[in-house]
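**Student:** One-letter residues, chain by chain:
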Amino acid sequence: MDQQRIDFFMIMHSKYFESYQLSAIRDRLSKLDDSKLVQVEGANLKDPTIMLIVSLIGGHFGVDRFVLGEVGLGIAKLLTCGGLGIWTVVDWFLILGRTREVNFQRLQQMMY
Amino acid sequence: MKRKVYRTLLLLSVAGYGWLGWNLLASGGHGGLPTVCLFKEVTGLPCPSCGTTRSIELLLHGDLPGAFVTNPLGLLLALGLFVIPGWIVSDLLRKDDSFYRRYVRVEKILLQNAWVSASAAAVVLVNWAWNIAKGL
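Chains A and B, in that order, are what the protein sequence lines are. Here the working numbering is used: position 32 in the first sequence is 32, and no number is missing along the way. Here the working numbering is used: position 49 in the second sequence is 49, and no number is missing along the way.
Treat the hints as calculated values from the structure; they're not laboratory data. Please read these numbers as outputs of a predicted model, since none were measured by experiment. Don't be surprised by glycine CBs; every beta carbon is placed ideally from N, CA and C. Among the hints, erroneous ones may be present.
Within a straight-line C-alpha distance of at most 30 Å, the following computed BS3-like cross-link-like pairs (lysine-lysine) qualify [stated by the list, open to error]: (1) A:Lys15 - B:Lys108; (2) A:Lys46 - B:Lys134; (3) B:Lys4 - A:Lys46; (4) A:Lys46 - B:Lys95.
Example chain B residues on the side facing chain A (calculated, C-beta under 8 Å, incomplete) [said to hold, decoys possible]: (5) Thr8; (6) Leu45; (7) Ser49; (8) Cys50; (9) Leu76; (10) Leu77; (11) Ala78; (12) Phe82; (13) Glu107.
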């Protein structure tokens, strides 16, 4: 993958990952085959800021977990009234980190 | 991931039993404790899972039709509370992951099969409309 494209990807997606993951992602992308480029660029990554808004509005119904693809936890959250309201509030603080983690996992699945 | 799921579900089960026990002790009936539902506090409308505690309490008193009318999801939750903690604990004791494998399979079906997930969502929405109509 040529350097310019990697730079562009990193600029566009830097807030989607934890800062300590960025150098590893850049390293891996530079070694990546061009054929996987389209896959990586089209990866279904979630914006942490939008996930925070989703969590604030729909977290009580588990919507944040559903959107992240964690259907089981979403159902658990929905059926327990947001974990008696406690889990809802806890997730307002956890969802940013969890979104970045899920993004990194998705990218890793494509890169390796 | 497996540890996280087990931990979360076990914690939820313990909290669920604790909450249920507290309700039973506090009220001797239902509606004894104030609501913890954020949605209901803010909007005044019941959420999809409002009434599940009352439903399980009725079930414990042997009133199955009453439990169903209060909130059918209560029956599902009661089943979950009955099955899931035992399954997870037996998994942990036997160092197995049979529950997690089943969990992942169900998650996959719901993620990949639009019809299944759409009908599940429809059931929850219809039940929610019923909750609002009942004024739980």
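**Student:** Each hint should be assessed against the structure and marked as holding or not.
**Tutor:** Taking the hints in turn, this is what the structure says about them:
1. The suggested pairing of A:Lys15 with B:Lys108 holds, with an alpha-carbon distance near 28 Å, which does not exceed 30 Å.
2. Annotation: proposed proximity of A:Lys46 to B:Lys134 is violated, straight-line Cα distance about 37 Å (limit 30 Å).
3. Between B:Lys4 and A:Lys46, the direct Cα distance comes to roughly 21 Å. Compliance with the 30 Å bound is thereby established for this hinted pair.
4. This hinted pair does not check out: A:Lys46 and B:Lys95 have alpha carbons roughly 34 Å apart, beyond 30 Å.
5. Here the hint on B:Thr8 is kept, as its CB sits about 6 Å from the closest CB of chain A, short of 8 Å.
6. Taking 8 Å as the C-beta contact cut-off toward chain A, the hint placing B:Leu45 at the interface is violated, the least distance being around 12 Å.
7. The interface hint given for B:Ser49 is met, as the beta carbon of that residue sits about 5 Å from the closest beta carbon of chain A, less than 8 Å.
8. Below 8 Å, beta-carbon pairs count as interface contacts, and B:Cys50 has one with chain A at about 7 Å; its hint therefore holds.
9. Contact between B:Leu76 and chain A, as hinted, is supported at the beta carbon level, the nearest pair being about 7 Å apart and thus within 8 Å.
10. About 5 Å separates the beta-carbon of B:Leu77 from the nearest beta-carbon of chain A, less than 8 Å, and the hint is met.
11. Checking B:Ala78 against chain A: minimum C-beta separation of about 11 Å lies over 8 Å; hint violated.
12. With its C-beta approaching chain A no nearer than about 14 Å, B:Phe82 sits outside the 8 Å limit, and its interface hint is violated.
13. Given the 8 Å rule on beta carbons, the hint for B:Glu107 holds: about 5 Å separates it from the nearest Cβ of chain A.
The structure does not agree with the numbered hints 2, 4, 6, 11, 12 stated previously, though it agrees with the rest.
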